[in-house]
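> In the order they appear, the protein sequences are chains A and B.
Number 20 in the working numbering belongs to position 20 of the first sequence; there are no gaps in the numbering.
Number 103 in the working numbering belongs to position 103 of the second sequence; there are no gaps in the numbering.
Bear in mind the hints are in silico, worked out from the structure with no lab data behind them.
Please read these numbers as outputs of a predicted model, since none were measured by experiment.
Note that beta-carbon positions come from the ideal geometry of N, C-alpha and C, so glycine has one too.
Possibly wrong hints are sitting among the right ones.
Unchecked claim - Taking lysine-lysine pairs in the DSBU-like style, the calculated list, with each CA pair at most 30 angstroms apart, reads:
hint : chain 1 : residue 1 : chain 2 : residue 2
1    : A       : Lys180    : A       : Lys21
2    : A       : Lys180    : A       : Lys92
3    : A       : Lys21     : A       : Lys80
4    : A       : Lys92     : A       : Lys80
5    : B       : Lys34     : A       : Lys92
6    : B       : Lys34     : A       : Lys180
Unchecked claim - Chain B is nowhere near these chain A residues, computed Cβ spacing over 10 angstroms in every case:
hint : residue
7    : Ser7
8    : Ala10
9    : Ala14
10   : Ala43
11   : Gly118
12   : His120
13   : Glu121
14   : Glu127
15   : Ala128
16   : Pro140
17   : Leu182
18   : Ala191
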Amino acid sequence: MTSEPASDGALCRAFLAGDSKAFGELVHRYQDLVFKLVRRYAAAPDEARDLTQRAFLQAFEAARRTLPRLVDSEGEVPFKAWLLRIAINLGKNQVRDGARWPRAPLEAVDGAVEPSAGAHEALERAEAEALMRRAVTMLPRRQREVFTLRIDAGLPFAEIAGALGISEGNAKSHFHYAVKRLRDEVRVLTASSNPGGVS
Amino acid sequence: MTCEEIELRLLEPEPGAEVDAHVATCASCQAFVKDLALVTERATLPAPTSAERAMLTGLAESTWSEWRRAQRGRQAWVGYAAAACFGALVASAGFWTARPVREVVVERVVAPASSSSLASNDELEEPNFVADDVFFEVTWPEPLEGETP
Ligand SMILES: [Zn+2]
Chain A
1 MTSEPASDGA LCRAFLAGDS KAFGELVHRY QDLVFKLVRR YAAAPDEARD
51 LTQRAFLQAF EAARRTLPRL VDSEGEVPFK AWLLRIAINL GKNQVRDGAR
101 WPRAPLEAVD GAVEPSAGAH EALERAEAEA LMRRAVTMLP RRQREVFTLR
151 IDAGLPFAEI AGALGISEGN AKSHFHYAVK RLRDEVRVLT ASSNPGGVS
Chain B
1 MTCEEIELRL LEPEPGAEVD AHVATCASCQ AFVKDLALVT ERATLPAPTS
51 AERAMLTGLA ESTWSEWRRA QRGRQAWVGY AAAACFGALV ASAGFWTARP
101 VREVVVERVV APASSSSLAS NDELEEPNFV ADDVFFEVTW PEPLEGETP
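Isolated chain B, as found in the complex (with noise of 0.2 angstroms):
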């Protein structure tokens, strides 16, 4: 085996007694173990202090309250998103027909469409929810067709 090869084996639980024997007599691989030893101990982190497992208590239930809430915005979303696909459906009627008398329907059903620029930072911020690239990084399974962004 190659110095590279046993210092693979050396990252194992039980790098086994081939790797043990070539360790002895090897001063680049003795110098590995060293380095290992030496990155993990400053790599590692202190355990969790007692004041930072607290802040898990609870987290259950307040992922599951931020869950329901994002759950409406996004029910709130799409019901905006469809009353302002309909009335730029009636518009589009209205446009055609060109009666005053549409125009009045017209304002009316848009209204909600508008309305959404006034939704709560709730509803605003579920977009952003869905879309965060964060998300699109999960490779198993694929995002459905459609959903890329």
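Chain A with its partners taken away, still in its complex shape (with noise of 0.2 angstroms):
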């Protein structure tokens, strides 16, 4: 027989108690998930690690400030909702700090060009996907949230609308609007890359 995994709910509770290992099961639950959320917007691993830091952090003080309600209620608490909006808040946030996407594109980050790769090629695709993320981090507020929560994170429509407060028609419809706006960028990403016209 096995035992249903503790809910965060109960996990938060635990913690608030004094319960470190309940604090630690919530981090080895999200960790992944966050960190991929953090990823995007950082120019190195160990930056988004301590993203990924920052954001459990915030989302257990929300948990601490909510204590009494936490203590008394026995509803649903929606940790998960918290670290994914603070994790992409934070993310976005070090955009504008750091303002770092020229020094960093993703090849640098990941280590993942090959070395037999044509330099040029290599150069190229390496600003296209920097430029792409740029992109990204530019879209209107909502679309951004949607659209990372969706490609990043890899979550449904009806859980990114949960953890945003919208619809999930909502949460579609402005996915649909910031693939439209990214393929726009991408077509003039080509334009300018493919002066010839071919696409």
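With the hints in hand, could you dock these two chains into one complex?
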């Protein structure tokens, strides 16, 4: 017989009662998800790790601040929704504060450039991806939130809607607008890197 | 269904036969299918490398340490604030009674408040940590009354 994993709410209440294991379990449960969200905005892996840690600290602080209500109610605690929103906002603030993109194409972060690839081609690809990353971060706030929760975190629209406090239809609509906006960016990029007009 | 409605349905994992039938005969929706695939491909980040994944080793432990450090700083900060309030109270009492012997007491009681300017970085960071605007963008539950900055 297997026991159900503890709910986020149960773990939050246990942590607030002084159980450090509950704290650790919540971190283990969501660290990959948060890391996937913030790495889009980070210039280096250690910066992504730092943002991940800060997201958890702020989510736990949110839990601590609402402690009286958490203890008195048996209701669900939206710890995951807090984390997601905090993570994407921390990431966005990181970009705003640091303006890091030109210095850190994705390949530099991930070490994904293969030495055998043509240097020019690799550079073009790195530039295109860096520009695309920038375009994503420049999306209007709601579009960016929905888009990154979908693409980076891989969440279904229903869960995205729940995390952001909007309807599922609204979430889809924001994603739809984001796709069209980014498509236009891709076209501009393609045209500028390929003046001959072949797309 | 309009093309706009079809495009929204195309965002679902299984759009359905009705959508498939429309797309088969609609150049505009066929173009959207291509755009969606292109944008998704270009915007998707490579999977985290093993070096990146290794970064998360020990995250729970280090985050717990940081949490404890921040909480100690917060308690110290609250303590300093309480001492400063108490010092201010005593200072006002000293002012109103205006007796020289009280002034000596005032200096001694106020000391913890002025020493807060010499507090460690840990302690000074704490108010920023609490007041981070990111936290206040969390809308559920709302901050308790009086906590909104
Ligand atoms: Zn159509």
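> For Leu182 of chain A, is the shortest CB-to-CB distance to chain B above 10 angstroms, so the non-interface label stands?
Since the minimum Cβ distance to chain B is about 5 angstroms, Leu182 of chain A lies within 10 angstroms and the statement is violated.
> Does the no-contact call for Glu121 of chain A survive, Cβ to all of chain B over 10 angstroms?
holds (16 angstroms)
> Should the label of Ala10 of chain A as a non-interface residue stand, given a Cβ cut-off of 10 angstroms to chain B?
holds (17 angstroms)
> Would the non-interface assignment of Gly118 of chain A survive a Cβ cutoff of 10 angstroms against chain B?
Given that every Cβ of chain B is farther than 10 angstroms from that of Gly118 of chain A, nearest at about 19 angstroms, it holds.
> Just checking, Ala191 of chain A versus chain B, shortest CB gap more than 10 angstroms?
Its Cβ never comes within 10 angstroms of chain B, the nearest being 14 angstroms, so this holds.
> Are all C-beta atoms of chain B more than 10 angstroms from that of Pro140 of chain A?
holds (15 angstroms)
> With a cut-off of 30 angstroms on the C-alpha distance, tell me whether Lys92 of chain A and Lys80 of chain A pass.
Given pair Lys92 of chain A, Lys80 of chain A holds - Cα atoms ~18 angstroms apart, limit 30 angstroms.
> For the pair supplied as a hint, Lys180 of chain A and Lys21 of chain A, is the alpha-carbon distance within the 30 angstroms limit?
The given pair, whose Cα atoms are some 45 angstroms apart, is violated under the 30 angstroms limit.
> Please confirm whether Ala43 of chain A is truly not at the interface, meaning its C-beta sits more than 10 angstroms away from all C-beta atoms of chain B.
holds (13 angstroms)
> Are Lys21 of chain A and Lys80 of chain A close enough, with their CA atoms no more than 30 angstroms apart?
holds (18 angstroms)
> Grab the minimum beta-carbon distance between Ser7 of chain A and chain B and tell me whether it stays above 10 angstroms.
holds (16 angstroms)
> Minimum Cβ separation between His120 of chain A and chain B greater than 10 angstroms?
holds (19 angstroms)
Going through the hint list in order, the structure does not satisfy hints 1, 15, 17.
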